[in-house]
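The numbers in the UniProt record's numbering rise by one with no breaks, and the one at position 135 of the sequence shown is 135.
Possibly wrong hints are sitting among the right ones.
Unchecked claim - Once the Cα atoms are required to be at most 25 Å apart in a straight line, the calculated BS3-like pairs of lysine-lysine come out as:
1. K78 to K65
2. K117 to K78
3. K117 to K90
4. K82 to K117
5. K173 to K65
Claimed, not checked - Okay, the calculated beta carbon distance ranges per label pair:
6. D55 to T93: 32 to 38 Å
7. D143 to T50: 15 to 21 Å
8. G138 to N110: 15 to 21 Å
9. P52 to A122: 29 to 35 Å
10. E170 to P88: 34 to 40 Å
11. F51 to D143: 32 to 38 Å
12. K173 to K119: 16 to 22 Å
Source of the hints: derived by calculation from the structure; they are not laboratory data. Idealized CB from N, CA, C, for every residue including glycine.
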Amino acid sequence: MWCTHLSAGIGAAYSSRQLKFRANKDGQRWLRRAEETRQEHLQRAALLATFPDGDSLFSWIGTIKGASGTVYNGLSYKLSLKFPADYPFKAPTVKFETPCFHPNVDQHGNICLDILKEKWSAAYSVRTVLLSIQSLLGEPNNDSPLNTYAAKLWDQQDEYEKVLRKKYTETQKQ
(Lines of atoms letter the chains of each structure in order from A and count residues from 1; the text may use other names and numbers.)
(Lines give C-alpha, C1' and ligand atoms only; values in the text may rest on other atoms or scores of the structure.)
Protein backbone atom coordinates (compact mmCIF):
# COMPACT_ATOMS: atom_id res chain seq x y z
CA MET A 1 0.00 0.00 0.00
CA TRP A 2 1.26 3.44 -0.91
CA CYS A 3 0.23 6.84 0.38
CA THR A 4 1.04 10.22 -1.10
CA HIS A 5 2.07 13.01 1.25
CA LEU A 6 2.21 16.58 -0.01
CA SER A 7 4.43 18.99 1.84
CA ALA A 8 5.33 22.48 0.65
CA GLY A 9 4.18 21.52 -2.84
CA ILE A 10 6.50 18.50 -3.08
CA GLY A 11 4.95 15.03 -3.29
CA ALA A 12 6.53 11.99 -1.70
CA ALA A 13 5.28 8.41 -1.61
CA TYR A 14 5.56 6.24 1.46
CA SER A 15 5.07 2.48 1.70
CA SER A 16 2.90 1.02 4.47
CA ARG A 17 6.08 -0.08 6.27
CA GLN A 18 7.40 3.47 6.21
CA LEU A 19 4.01 4.74 7.39
CA LYS A 20 4.15 2.44 10.42
CA PHE A 21 7.63 3.70 11.27
CA ARG A 22 6.50 7.31 10.88
CA ALA A 23 3.39 6.61 12.94
CA ASN A 24 5.47 5.19 15.77
CA LYS A 25 7.89 8.10 15.55
CA ASP A 26 5.44 10.99 15.23
CA GLY A 27 2.27 9.45 16.57
CA GLN A 28 -1.30 10.38 15.92
CA ARG A 29 -0.48 13.88 14.70
CA TRP A 30 1.29 12.56 11.61
CA LEU A 31 -1.39 9.96 10.85
CA ARG A 32 -4.12 12.57 11.09
CA ARG A 33 -2.30 14.95 8.74
CA ALA A 34 -1.65 12.12 6.28
CA GLU A 35 -5.36 11.26 6.29
CA GLU A 36 -6.36 14.93 5.93
CA THR A 37 -3.99 15.26 2.97
CA ARG A 38 -5.46 12.14 1.37
CA GLN A 39 -9.00 13.44 1.89
CA GLU A 40 -8.11 16.87 0.45
CA HIS A 41 -6.62 15.18 -2.61
CA LEU A 42 -9.74 13.04 -3.10
CA GLN A 43 -12.03 16.05 -2.70
CA ARG A 44 -10.06 18.07 -5.24
CA ALA A 45 -9.98 15.11 -7.62
CA ALA A 46 -13.76 14.79 -7.37
CA LEU A 47 -14.12 18.40 -8.54
CA LEU A 48 -12.06 17.89 -11.71
CA ALA A 49 -11.95 15.15 -14.32
CA THR A 50 -10.49 14.85 -17.82
CA PHE A 51 -10.17 12.07 -20.34
CA PRO A 52 -9.55 11.74 -24.08
CA ASP A 53 -12.60 12.19 -26.31
CA GLY A 54 -12.60 8.93 -28.24
CA ASP A 55 -9.29 7.74 -29.64
CA SER A 56 -7.68 11.16 -30.06
CA LEU A 57 -5.12 12.33 -27.53
CA PHE A 58 -5.54 15.85 -28.92
CA SER A 59 -9.23 16.21 -28.08
CA TRP A 60 -10.32 15.79 -24.46
CA ILE A 61 -13.47 16.18 -22.44
CA GLY A 62 -13.27 17.66 -18.96
CA THR A 63 -15.64 18.22 -16.09
CA ILE A 64 -15.42 20.80 -13.36
CA LYS A 65 -17.71 21.27 -10.41
CA GLY A 66 -18.37 24.58 -8.77
CA ALA A 67 -16.35 25.02 -5.59
CA SER A 68 -18.06 25.25 -2.22
CA GLY A 69 -18.44 28.79 -0.97
CA THR A 70 -19.31 30.06 -4.46
CA VAL A 71 -22.64 30.53 -6.24
CA TYR A 72 -21.52 27.66 -8.51
CA ASN A 73 -21.40 25.15 -5.63
CA GLY A 74 -23.06 21.90 -6.68
CA LEU A 75 -23.11 22.72 -10.40
CA SER A 76 -21.20 20.59 -12.89
CA TYR A 77 -19.88 21.74 -16.25
CA LYS A 78 -18.54 19.81 -19.22
CA LEU A 79 -15.65 21.35 -21.16
CA SER A 80 -13.89 20.49 -24.40
CA LEU A 81 -10.11 20.74 -24.64
CA LYS A 82 -8.41 20.80 -28.05
CA PHE A 83 -4.63 20.54 -28.07
CA PRO A 84 -2.70 22.20 -30.92
CA ALA A 85 0.17 20.47 -32.71
CA ASP A 86 2.68 22.64 -30.83
CA TYR A 87 1.27 21.90 -27.36
CA PRO A 88 2.59 22.44 -24.66
CA PHE A 89 4.19 25.55 -26.17
CA LYS A 90 0.76 26.80 -27.20
CA ALA A 91 -2.33 26.74 -24.97
CA PRO A 92 -5.16 24.29 -25.57
CA THR A 93 -8.47 25.70 -26.76
CA VAL A 94 -10.92 25.21 -23.92
CA LYS A 95 -14.67 25.80 -24.20
CA PHE A 96 -17.67 25.17 -21.99
CA GLU A 97 -19.89 22.55 -23.61
CA THR A 98 -22.47 22.95 -20.86
CA PRO A 99 -23.85 26.48 -21.19
CA CYS A 100 -22.33 28.59 -18.42
CA PHE A 101 -23.75 31.90 -17.20
CA HIS A 102 -20.62 33.81 -16.19
CA PRO A 103 -19.05 37.22 -16.84
CA ASN A 104 -16.02 35.66 -18.58
CA VAL A 105 -17.88 33.09 -20.71
CA ASP A 106 -19.77 33.96 -23.89
CA GLN A 107 -22.88 32.28 -25.34
CA HIS A 108 -20.68 29.91 -27.38
CA GLY A 109 -18.72 28.67 -24.35
CA ASN A 110 -15.56 30.67 -25.10
CA ILE A 111 -13.62 31.58 -21.97
CA CYS A 112 -11.76 34.83 -21.31
CA LEU A 113 -8.86 33.67 -19.15
CA ASP A 114 -5.34 35.05 -19.50
CA ILE A 115 -3.56 31.71 -19.05
CA LEU A 116 -5.40 30.42 -22.12
CA LYS A 117 -4.09 33.38 -24.11
CA GLU A 118 -1.09 35.66 -23.57
CA LYS A 119 -0.12 34.31 -20.12
CA TRP A 120 0.16 30.67 -21.24
CA SER A 121 3.25 28.76 -20.10
CA ALA A 122 4.43 25.33 -21.20
CA ALA A 123 4.75 24.57 -17.49
CA TYR A 124 0.95 24.56 -17.09
CA SER A 125 -0.81 21.22 -16.97
CA VAL A 126 -4.39 20.30 -17.83
CA ARG A 127 -5.06 20.20 -14.09
CA THR A 128 -3.74 23.77 -13.77
CA VAL A 129 -6.07 24.89 -16.56
CA LEU A 130 -9.11 23.25 -14.98
CA LEU A 131 -8.29 24.59 -11.52
CA SER A 132 -7.89 28.08 -13.00
CA ILE A 133 -11.28 27.84 -14.71
CA GLN A 134 -12.85 26.53 -11.52
CA SER A 135 -11.32 29.46 -9.63
CA LEU A 136 -12.55 31.89 -12.29
CA LEU A 137 -16.11 30.71 -11.66
CA GLY A 138 -16.01 32.11 -8.13
CA GLU A 139 -13.76 35.08 -8.91
CA PRO A 140 -14.56 36.54 -12.33
CA ASN A 141 -12.60 39.32 -13.99
CA ASN A 142 -15.32 41.91 -14.51
CA ASP A 143 -12.83 44.26 -16.20
CA SER A 144 -12.97 42.17 -19.39
CA PRO A 145 -16.39 40.51 -19.52
CA LEU A 146 -17.62 38.45 -22.44
CA ASN A 147 -21.10 38.48 -20.89
CA THR A 148 -21.83 42.07 -19.81
CA TYR A 149 -25.20 41.16 -18.27
CA ALA A 150 -23.56 38.61 -15.96
CA ALA A 151 -20.81 41.12 -15.11
CA LYS A 152 -23.35 43.79 -14.12
CA LEU A 153 -25.33 41.30 -12.06
CA TRP A 154 -22.26 39.83 -10.29
CA ASP A 155 -22.26 42.42 -7.48
CA GLN A 156 -25.84 41.45 -6.58
CA GLN A 157 -25.01 37.88 -5.55
CA ASP A 158 -28.54 36.84 -4.54
CA GLU A 159 -29.99 37.93 -7.88
CA TYR A 160 -26.99 36.54 -9.77
CA GLU A 161 -27.46 33.14 -8.13
CA LYS A 162 -31.18 33.09 -9.00
CA VAL A 163 -30.44 33.79 -12.67
CA LEU A 164 -27.53 31.31 -12.69
CA ARG A 165 -29.56 28.47 -11.17
CA LYS A 166 -32.52 29.16 -13.47
CA LYS A 167 -30.32 29.09 -16.58
CA TYR A 168 -28.46 26.00 -15.37
CA THR A 169 -31.74 24.15 -14.70
CA GLU A 170 -33.01 25.09 -18.17
CA THR A 171 -29.88 23.68 -19.83
CA GLN A 172 -30.18 20.44 -17.87
CA LYS A 173 -33.69 19.87 -19.27
CA GLN A 174 -32.45 20.07 -22.88
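#### Entry: A122 and P52 - C-beta distance against the hinted 29 to 35 Å
20 Å, violated
### Query
Between D143 and T50, is the Cβ distance one that fits in 15 to 21 Å?
For T50 against D143, whose Cβ atoms are near 29 Å apart, the range 15 to 21 Å is violated.
### Task
Please work out if K82 and K117 have their alpha carbons no farther apart than 25 Å.
Holds: K82 and K117 sit about 14 Å apart, inside 25 Å.
### Supplied distance hint 16 to 22 Å, evaluated on CB atoms of K173 and K119
37 Å, violated
### Message
Quick check: does the Cβ-Cβ distance between D55 and T93 fall within 32 to 38 Å?
### Response
19 Å, violated
### Query
CA of K173 to CA of K65, is that 25 Å or under?
It holds: about 18 Å lies between the C-alpha atoms, which stays within 25 Å.
### Query
Does the structure keep K117 and K78 at a Cα separation of 25 Å or less?
Distance ~20 Å between K117 and K78 Cα, so the pair holds.
### Task
Verify the proposed pairing of K78 with K65, using a straight-line Cα cut of 25 Å.
9 Å, holds
### Consistency of beta-carbon spacing, P88 to E170, with hint 34 to 40 Å
37 Å, holds
### Task
Can you let me know if the beta-carbon spacing of G138 and N110 is within 15 to 21 Å?
19 Å, holds
### Task
Confirm or reject the claim that F51 and D143 have a C-beta distance inside 32 to 38 Å.
Taking Cβ atoms as reference, F51 and D143 lie about 34 Å apart, which means the hint holds.
### Task
Please work out if K117 and K90 have their alpha carbons no farther apart than 25 Å.
Given that 25 Å is the threshold and the Cα spacing comes to 9 Å, the pair holds.
In summary, the numbered hints that this structure violates are 6, 7, 9 and 12.
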